[in-house]
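My request is simple: use the sequences and hints to build the entire structure.
Taken in sequence, the protein lines are chains P and H.
The first sequence begins at 1 in our numbering and counts up one residue at a time.
The second sequence begins at 592 in our numbering and counts up one residue at a time.
Derived by calculation from the structure, the hints in this document are not laboratory data.
Virtual Cβ for every residue (Gly too), placed ideally from N, Cα, C.
Incorrect hints may appear among the rest.
Residues from chain H that face chain P, not an exhaustive set, calculated with beta carbons under 10 Å [claimed, not checked]:
#1 Gly659
#2 Pro732
#3 Leu737
#4 Arg746
#5 Ile748
#6 Leu750
No more than 20 Å apart at the CA atoms, straight line, and that leaves these computed lysine to aspartate or glutamate pairs for DMTMM-like [claimed, not checked]:
#7 P:Lys495 - P:Glu509
#8 P:Lys161 - P:Glu242
#9 P:Lys542 - P:Glu560
#10 P:Lys41 - P:Glu79
#11 P:Lys417 - P:Glu441
#12 P:Lys215 - H:Asp662
#13 P:Lys469 - P:Glu483
#14 P:Lys184 - H:Glu707
#15 P:Lys269 - P:Glu579
#16 P:Lys36 - P:Glu242
#17 H:Lys682 - P:Asp303
#18 P:Lys216 - P:Glu385
#19 P:Lys372 - P:Glu483
#20 H:Lys749 - H:Glu694
#21 H:Lys682 - P:Glu485
#22 P:Lys215 - P:Glu79
#23 H:Lys682 - P:Glu359
#24 P:Lys161 - P:Glu79
#25 P:Lys184 - H:Glu728
#26 P:Lys269 - H:Glu692
#27 P:Lys269 - H:Asp662
#28 P:Lys542 - P:Asp559
#29 H:Lys703 - H:Glu692
#30 H:Lys658 - H:Glu752
Residue-level listing of the chains:
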Amino acid sequence: MSVIEAMQNSDPACPGENWFLYWRTSSSLWRSKIEKMRGGKNIIVPINWSFHSETGDRVDFGNDRPESNLARLVEMAGECNRTVHFYLPVTPAPFLQNGGLPHLLARQVAQGPDQLAFAMVDSLGQLLKIHSFFDPRVFQSFTKFIGQLAHYFTHSGVNAKLWGLECGYIENGGYQSFLFDRSKTYGQAFTRYMGLAKEEAPELEKNLNSLSFEKKMNMRFFWTIRDLYIDALKKELSTHFEGILKYSFMGASPIDFLDRACGNNNFSKYSEDMLESLCRDVIPSSILIPQSGKKTIYSRQVDELVSYSLVSSKIEDSYYEEDRQSYFFGLVFFHLFLPDQKVPQQSHMVDWENPLRIEERWMVQGLRSFLKNNFPYTYSLIPIEKFRFDETVSLSSKVSVIDGELVDQKVFNNVLKTFMSGGQILMDRSNLSPFFLLKLETFFLENSLAVEKIFFHTNVHSALLGDGKLVLYEGGLLNTKSESEKNEFWEKMSKFFNLVHIKNIKNDEVTSYWRTRSSSPSELNYEEIRRLSLYNGTSYKKKIKLPLERNFVLLKILDEQNAVVQSYPHQIEVQLLPEGAVSLDFGVFSV
Amino acid sequence: MGSLNNFLVSIYHFSGPIISTAPALPSLPPSNDLENSADFFSKRDEPYLENLVESGGHWIVAILGSKGHLDFEQAREIYGELFPNRSAKEKHLGAFDSLDEIEIFMALLCDKLQMERAALCSVVEYNAIIENLTTLEINDPSRPNLAQILFSKTREIKLPENSKRKGIFGKLFH
Chain P
1 MSVIEAMQNS DPACPGENWF LYWRTSSSLW RSKIEKMRGG KNIIVPINWS
51 FHSETGDRVD FGNDRPESNL ARLVEMAGEC NRTVHFYLPV TPAPFLQNGG
101 LPHLLARQVA QGPDQLAFAM VDSLGQLLKI HSFFDPRVFQ SFTKFIGQLA
151 HYFTHSGVNA KLWGLECGYI ENGGYQSFLF DRSKTYGQAF TRYMGLAKEE
201 APELEKNLNS LSFEKKMNMR FFWTIRDLYI DALKKELSTH FEGILKYSFM
251 GASPIDFLDR ACGNNNFSKY SEDMLESLCR DVIPSSILIP QSGKKTIYSR
301 QVDELVSYSL VSSKIEDSYY EEDRQSYFFG LVFFHLFLPD QKVPQQSHMV
351 DWENPLRIEE RWMVQGLRSF LKNNFPYTYS LIPIEKFRFD ETVSLSSKVS
401 VIDGELVDQK VFNNVLKTFM SGGQILMDRS NLSPFFLLKL ETFFLENSLA
451 VEKIFFHTNV HSALLGDGKL VLYEGGLLNT KSESEKNEFW EKMSKFFNLV
501 HIKNIKNDEV TSYWRTRSSS PSELNYEEIR RLSLYNGTSY KKKIKLPLER
551 NFVLLKILDE QNAVVQSYPH QIEVQLLPEG AVSLDFGVFS V
Chain H
592 MGSLNNFLVS IYHFSGPIIS TAPALPSLPP SNDLENSADF FSKRDEPYLE
642 NLVESGGHWI VAILGSKGHL DFEQAREIYG ELFPNRSAKE KHLGAFDSLD
692 EIEIFMALLC DKLQMERAAL CSVVEYNAII ENLTTLEIND PSRPNLAQIL
742 FSKTREIKLP ENSKRKGIFG KLFH
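Following this line, the structure appears as structure tokens:
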């Protein structure tokens, strides 16, 4: 590593991933730092509200400090042939002091789900605390600030895209927003909200002693406040607003804080959190992890899987079809549908006491561990609201996994449309309402579909219609089985759906990630190109054996780093030394 | 302070008086009664999953050693041995009826992990310490890290001496 690279690596204004934290350096150094940034032409510039306003009233955009001059920053970036993308946090931001709040508004440290004060360590080793966004004064000042920002952009001729930034973290396999709060400030705000709700609907009074009802209202209140911040941004900065980006920050969870505050970084956890973020369509970021402390292999993962691909695909202008051949996207076999937490009133069946209930069911049924061992990170977790029939997408290559509890009329209609168009559905019927169970049976009868009923560790009913497959299983019964029985069940299910994949990467300590892209005109022998990236973050040599399935042809070995790849007729062997990594491109075709 | 290493800090919260209204688990059908078992599972409300919701009592949110948080795996085993009739599957560790129970538990854990000292820190205390903390010198080994700060500012538990522990713990389990 050159001296310049080392200096770049430890530059507080450039924490990596092409982020530029303008307030951390003198404006006289902006040009030289921007010129040295190596991650492509897009520069991510988060707007630090607290830097432009200490009190929440008066705002500075370059009158007092040249470092506040965002227009100059955009102009300078343009001169360096870079494009600035502004990120404006609509939740507390873990990389900003006070979560981004001006000093006088940072009154109450927010508390996370464990009731622990939200705190974190940034890339400079500084202690940062998240403050509550549920104080009405914060919201009032926020709307004032973005109004002033909009005015400034207009009058300064700033022509840059602006994204609303939602910040969160991954913990216990789930995503948690930093907007979440259970401090006294939140309690007071929630009490006011409940008071207003009672005024509008006096019949709510009788539910007030119900814990379940309170949790439901907590959820509704959270989404109301979240939407308030986002709608304010959309309204004031409509000319520049491009959309909302959801990020998770590695090293920012309460557990990570406890470790990092004791001088430890758990890179294997950060790696898992990053991949879990990708499965949830959340952009992972490592800017809180000090550049100098990042293991090379972790940095490479971030660059390959996030910075150079995912972020670009999210923030760049829509591109022509042929450009898609150069972008790899995460390979997805399973769409796991989650309750749409935003609209609790729409589903009477969903248990709002525990929005993670469905995910916990999959855990207990052994689905998550099966996927982890056999189809690591080749699944996506999506709100049920996004389940719709899309005839432009190839339906036969993915399996939609739906818990019966989530089925309402709209979902039911989409299930049938997807099935009839060749899609594959796997549904846990344990919590499917009798009404929809009957409708399904009627559908089978009316269409003269033969329904095969078998018992394999649980009751399984399956129907075929052309390429379409609809499988109903009793998840409740599966819960009582042993781990090996559950694994056998899911193995059988995956074979039934004929998922074309290379499995058996049996090495827990080697991180693997599959991506896919369309084949280019010179690759017409193949239906798609899949890339497997392997990373060894351990201090030991690791060997991976990949059975070469008949639908796969090894096309390219790329970016070998401390790695040796040997290809045999039916197998590929990869040896990774400590900090080793390699990517393999495969052509995939139907037999 | 920088040299203090062999200790644990248990961060706990109190979620209210213990309420024994958790529904009793229904008795499962005999395992060979396959014909009825599917129907059974499709109709009931899965109360066994609702045990995942915390009830009253004291709950350990996190356990910190000098190098960071402790995974709960070993702690759950010890909890299970100490309270065989209580479920240990919740996200937090518990419930404990009283701080005395937590102290006994921590003594067992220290014994297993060969830790010499332990302290209890309530979530309220933890939050107050964090709110008042302005810096953390994580890169300076001569300065206290978070675990050491928490240990110094909270109540240390008096652990039985090593030679006496086996006798006391033996009595607990027999």
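Each hint tested on the structure:
Look at Gly659 of chain H: its Cβ gets to within about 4 Å of chain P, closer than 10 Å, so that hint holds up. For Pro732 of chain H, the suggested interface contact is upheld, since its CB lies about 8 Å from the closest CB of chain P, less than 10 Å. Restraint check, Leu737 of chain H versus chain P: the minimum CB separation of about 3 Å is within 10 Å; hint holds. Here the hint on Arg746 of chain H is broken, as its CB sits about 18 Å from the closest CB of chain P, past 10 Å.
The closest approach between the C-beta of Ile748 of chain H and any C-beta of chain P is roughly 19 Å, which is over the 10 Å cut-off, so the hint fails. This hint is violated: Leu750 of chain H has a C-beta 21 Å from the nearest C-beta of chain P, more than the 10 Å allowed. Between Lys495 of chain P and Glu509 of chain P the alpha-carbon distance is near 26 Å, which puts this suggested pair outside the 20 Å criterion. Among the hinted pairs, Lys161 of chain P with Glu242 of chain P is consistent with the structure: their alpha-carbon atoms are about 6 Å apart, no more than 20 Å.
Distance restraint check for Lys542 of chain P and Glu560 of chain P: the Cα-Cα separation of roughly 14 Å lies within the 20 Å cut-off, and the hinted pair is therefore satisfied. For the proposed pair Lys41 of chain P and Glu79 of chain P, the alpha carbon gap of about 12 Å is at most 20 Å, so the pair holds. Between Lys417 of chain P and Glu441 of chain P, the direct Cα distance comes to roughly 16 Å. Compliance with the 20 Å bound is thereby established for this hinted pair. At roughly 29 Å between alpha-carbon atoms, Lys215 of chain P and Asp662 of chain H are farther apart than 20 Å, so this suggested pair is violated.
Of the supplied pair hints, the one linking Lys469 of chain P and Glu483 of chain P is violated, its CA atoms being roughly 26 Å apart against a limit of 20 Å. Taken as a hint, the Lys184 of chain P and Glu707 of chain H pair is broken in the structure, with Cα atoms around 37 Å apart against an allowance of 20 Å. Taken as a hint, the Lys269 of chain P and Glu579 of chain P pair is honoured in the structure, with Cα atoms around 16 Å apart against an allowance of 20 Å. In summary, the hint linking Lys36 of chain P to Glu242 of chain P is not supported, as the alpha carbons are separated by about 27 Å, beyond the 20 Å threshold.
Restraint check for Lys682 of chain H and Asp303 of chain P: not satisfied, since their Cα atoms lie roughly 33 Å apart, outside the 20 Å limit. With a C-alpha separation of about 18 Å, the suggested pairing of Lys216 of chain P with Glu385 of chain P holds against the 20 Å cut-off. Distance hint between Lys372 of chain P and Glu483 of chain P is fulfilled; the C-alpha atoms sit about 14 Å from each other, no more than 20 Å. In summary, the hint linking Lys749 of chain H to Glu694 of chain H is supported, as the alpha carbons are separated by about 8 Å, within the 20 Å threshold.
This hinted pair does not check out: Lys682 of chain H and Glu485 of chain P have alpha carbons roughly 25 Å apart, beyond 20 Å. A threshold of 20 Å between alpha carbons decides the hint, and for Lys215 of chain P with Glu79 of chain P the separation of about 52 Å lies outside it, so the pair is violated. Between the alpha carbons of Lys682 of chain H and Glu359 of chain P the distance comes to roughly 14 Å, so the proposed pair stays at or under 20 Å and holds. Taken as a hint, the Lys161 of chain P and Glu79 of chain P pair is honoured in the structure, with Cα atoms around 17 Å apart against an allowance of 20 Å.
Of the supplied pair hints, the one linking Lys184 of chain P and Glu728 of chain H is violated, its CA atoms being roughly 29 Å apart against a limit of 20 Å. Using a Cα cut-off of 20 Å, the hinted pair Lys269 of chain P and Glu692 of chain H is violated, with the two alpha carbons roughly 32 Å apart. Straight-line distance between C-alpha atoms of Lys269 of chain P and Asp662 of chain H comes to about 13 Å, which keeps the hinted pair within the 20 Å bound. Simply put, Lys542 of chain P and Asp559 of chain P have alpha-carbon atoms about 17 Å apart, close enough for the 20 Å limit, and the pair holds.
For the given pair, Lys703 of chain H sits about 17 Å from Glu692 of chain H by alpha-carbon distance, which is consistent with the 20 Å threshold. Under the criterion of a C-alpha separation no larger than 20 Å, the hint pairing Lys658 of chain H with Glu752 of chain H is inconsistent with the structure, at around 24 Å.
Comparing the model with each numbered hint stated earlier shows that hints 4, 5, 6, 7, 12, 13, 14, 16, 17, 21, 22, 25, 26 and 30 do not hold.
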